[in-house]
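Assemble chain Z onto chain P, guided by the hints.
Single-letter residue listing:
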Amino acid sequence: MVIFDCRHIVCSLLVLLGLEAFSQDVDSISANQPLVEDSLVQPLAESAEAETTWSIDSKRNAFTKELRFAQYLITQELYTDADYLLENLIYQEVDQDQHDSAVFYKAWLSYFRQNFVESLNALYDIDSSSVLNTEASFLMATCFLHEGKYDQSEAIFNQLDGLTENERAVKNLNLAGLALLARDYTKYDSIIKRIPETNFMVGSELSSLNTYKTDMSAYKRKSPWLAGFLSALVPGLGKFYVGYRGTPFGALTLNLPLAAVAVETLIISGWTGIPFLIAAPLFGVFYIGNIWGSALSPYAHEQEFYDEMDHNILYDLHIPTRRVF
Amino acid sequence: MICISLLEGYSESIQTADSLRQNQEYDLARLTYERIIYSSADNVSRTEALLGKAQCYLDENDFDGAQYTVERIVFFGLTDSLMWEARSRAGLAAFLNGNFEAAESQLLVANQMLPDSITIQGSPLYALTLNELGKWDEAKTELITWINWRFEEDSLIQDSLQSMVEMVYSEKGQPKYRDPKKADLWATLLPGTGQLYSGYFFDGAFTALMVASGIGVAALGVFVVKYYVTGLVLGYGIYQRFYTAGIKRSEFLARKRNYQRNRAYNDCLQAIVIDLQNIEP
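Protein chains in written order, with the working numbering: chain P, 1 to 325; chain Z, 326 to 606.
Only chain P is shown next, with the shape it has when bound in the complex:
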């Protein structure tokens, strides 16, 4: 009797210290003990059960406090400390919900550090039936978005349901952003109709997306042929036509003196003179390079324009997601 009682007290202490594996051994040992009379065992068993429940509760409370502490560390931008704490909390013997919470914080931390792959790896570890499933899916979709995996991101956003009004607005904003990233303006127009313009969670970002959409749909790539032709007439003029303002003058100041040298050597030494045979190819290389560069510049300019737009879109999608969760 006394032995039985002591064992459960030890068991409770072990649970309290987070050493459940040992407590299970103790439980299994006690299960193998010969049964004592039921009338005597019952009250003691109930009291031991109550004690174990109390210790689990106390452990749960301690874990919750630790999670709050982790949240504080993240808020204070003490990421190294938060990372260390969460890394250890994840491996504590706790229930699935608490494990998921710790993993979720870890995923957020990786997201803040722009380590999206690490964040995704953590999010895969969260149980699909978890209460954090919506938040985790949101974060996962956002990580895919930043990783450039737009299809996967869209698929996750589309699967989300049972959302609050604000969450739905953020989800639709993300879907609209995805449509913009895919340059599907018709789809974008149909999605933004679902977002209430007055929603404070997404209001300013929505108007930014609308501006990007207007800019992108108005953008027309300049003709590479015309750019090349203009640069053939006056070096650098093609790049000026495309929209560059600094580099055209560089091309002009390089090509004009070389052209002057080539002409002078032609006049003085003739077609077959050595000075001309040196100066002419030199000028030719730079002149053709200038035309070729100008012909390619509309594509480069277009790429730069869309890269900047994509960067702005991703930034504007990131803010409401942080705001809502």
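It should be emphasised that the hints constitute simulated quantities derived from the structure, not laboratory data.
It is possible that part of the hints are untrue.
Not the full set, but computed from the structure, chain Z residues with beta-carbon under 8 Å of chain P [what the hints assert, rightly or not]: (1) D352; (2) R355; (3) L356; (4) E359; (5) Y363; (6) V549; (7) Y552; (8) Y553; (9) T555; (10) V558; (11) R580.
Per label pair, the in silico range of CB-to-CB distance [as the list claims (entries may be wrong)]: (12) Z:M438 - P:P196: 52 to 60 Å; (13) Z:K573 - P:R322: 39 to 47 Å; (14) P:R323 - Z:N603: 55 to 63 Å; (15) Z:I599 - P:Y79: 33 to 41 Å; (16) Z:G423 - P:S58: 44 to 52 Å; (17) P:P196 - Z:L458: 32 to 40 Å; (18) P:T253 - Z:K551: 22 to 30 Å; (19) P:Y79 - Z:D479: 50 to 58 Å; (20) Z:A596 - P:R322: 47 to 55 Å; (21) P:R245 - Z:C593: 46 to 54 Å.
All C-beta atoms, glycine included, are put in the ideal place defined by N, C-alpha and C.
Frame of chain P, contents of chain Z only:
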């Protein structure tokens, strides 16, 4: 160990954190200090924990982390000794982080707010900070005051150390600076002389030679081989490159020379201050 301490977190004390730091378990020590900061209601234990955490960073040579941590200290309701510890640690972290203005500001505030009997201990650090800021006369005064306090019972040592400090801080020994604007002006007027002014003879000679070559190539093209355009284009190309580069380089070299002289002088002073601290009264 970690499992136990994490779930027992709220009962931990500064002693636990200190012992973890002494055992070089810095990650856990920092977390333990931070837990105290998070949970403590009074500013004194919060400050002690912040100081402990800053010390962890200092032990790991992470001066950025140390400075960020001490900057979180709220200097309110602290005892004089704790206030001094906080200010001097903040000054030390800023000094080690190369942020000398911040270090000076921390130590200056401490000097103004706290009694001399406490702040006098920090005079060597203050002098080192003032050295780095080029305020050598103030640094000298600070060191002499400190010598008088530290060796007050031995006037012989006091006098000899004072005269040594007077000597090393004499105006004659202080570094002479080159004015980058003057270097710029010299290089503009006569290519190569800017570098010469900064003390780089070969650098200046090379620039002068290349600029002269540019003029030479132009003259050769125009007057000798009669390739007027070619001569002018090539000559001007060489001249213009080395002329403008020479101006920029002169300014850079003047700053480099100033830094080197400053560093050499301050390194010497630093060694002297450290030696002074090691002398037992």
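How the hints compare with the structure:
1. Nearest Cβ of chain P to the Cβ of D352 (chain Z): about 5 Å, under the 8 Å cut. The hint holds.
2. The restraint placing R355 (chain Z) at the interface with chain P holds, with a minimum CB-CB distance near 6 Å, inside the 8 Å limit.
3. Satisfaction of the interface hint for L356 (chain Z) is found here, the shortest Cβ-Cβ separation to chain P being roughly 5 Å, below the 8 Å cut-off.
4. Because the beta carbon of E359 (chain Z) sits about 5 Å from the nearest beta carbon in chain P, less than 8 Å, this interface hint is met.
5. The closest approach between the C-beta of Y363 (chain Z) and any C-beta of chain P is roughly 6 Å, which is under the 8 Å cut-off, so the hint is satisfied.
6. Hint on V549 (chain Z) is violated. Least Cβ distance to chain P is approximately 13 Å, over the 8 Å limit.
7. The restraint placing Y552 (chain Z) at the interface with chain P holds, with a minimum CB-CB distance near 6 Å, inside the 8 Å limit.
8. At a threshold of 8 Å, the smallest CB-CB gap from Y553 (chain Z) to chain P is about 7 Å, leaving the interface hint in force.
9. Hint on T555 (chain Z) holds. Least Cβ distance to chain P is approximately 5 Å, under the 8 Å limit.
10. Annotation: interface hint on V558 (chain Z) holds; nearest CB of chain P at approximately 4 Å, less than 8 Å.
11. Hint status for R580 (chain Z) relative to chain P: violated, with the closest Cβ pair at about 28 Å, above 8 Å.
12. At about 56 Å, the CB distance of M438 (chain Z) to P196 (chain P) agrees with the hint of 52 to 60 Å.
13. Between K573 (chain Z) and R322 (chain P) the Cβ separation comes to about 45 Å, which falls inside the hinted range of 39 to 47 Å.
14. Separation of R323 (chain P) from N603 (chain Z) is about 57 Å and conforms to the stated range, judged on CB atoms against 55 to 63 Å.
15. Remark: the range hint 33 to 41 Å for I599 (chain Z) to Y79 (chain P) is upheld by a beta-carbon distance near 36 Å.
16. With their beta carbons about 48 Å apart, G423 (chain Z) and S58 (chain P) fall inside the hinted range of 44 to 52 Å.
17. Look at P196 (chain P) against L458 (chain Z): about 58 Å separates their beta carbons, and that is not inside 32 to 40 Å.
18. Here the CB-CB span from T253 (chain P) to K551 (chain Z) is close to 25 Å, well matched to the stated 22 to 30 Å.
19. For Y79 (chain P) and D479 (chain Z), the hinted distance range of 50 to 58 Å is satisfied, since their beta carbons lie about 52 Å from each other.
20. Between A596 (chain Z) and R322 (chain P) the C-beta distance comes to about 51 Å, which sits within the given range of 47 to 55 Å.
21. The hinted window of 46 to 54 Å between R245 (chain P) and C593 (chain Z) holds, with their beta carbons roughly 52 Å apart.
Of the hints listed earlier, those the structure fails to meet are numbers 6, 11 and 17, in rising order.
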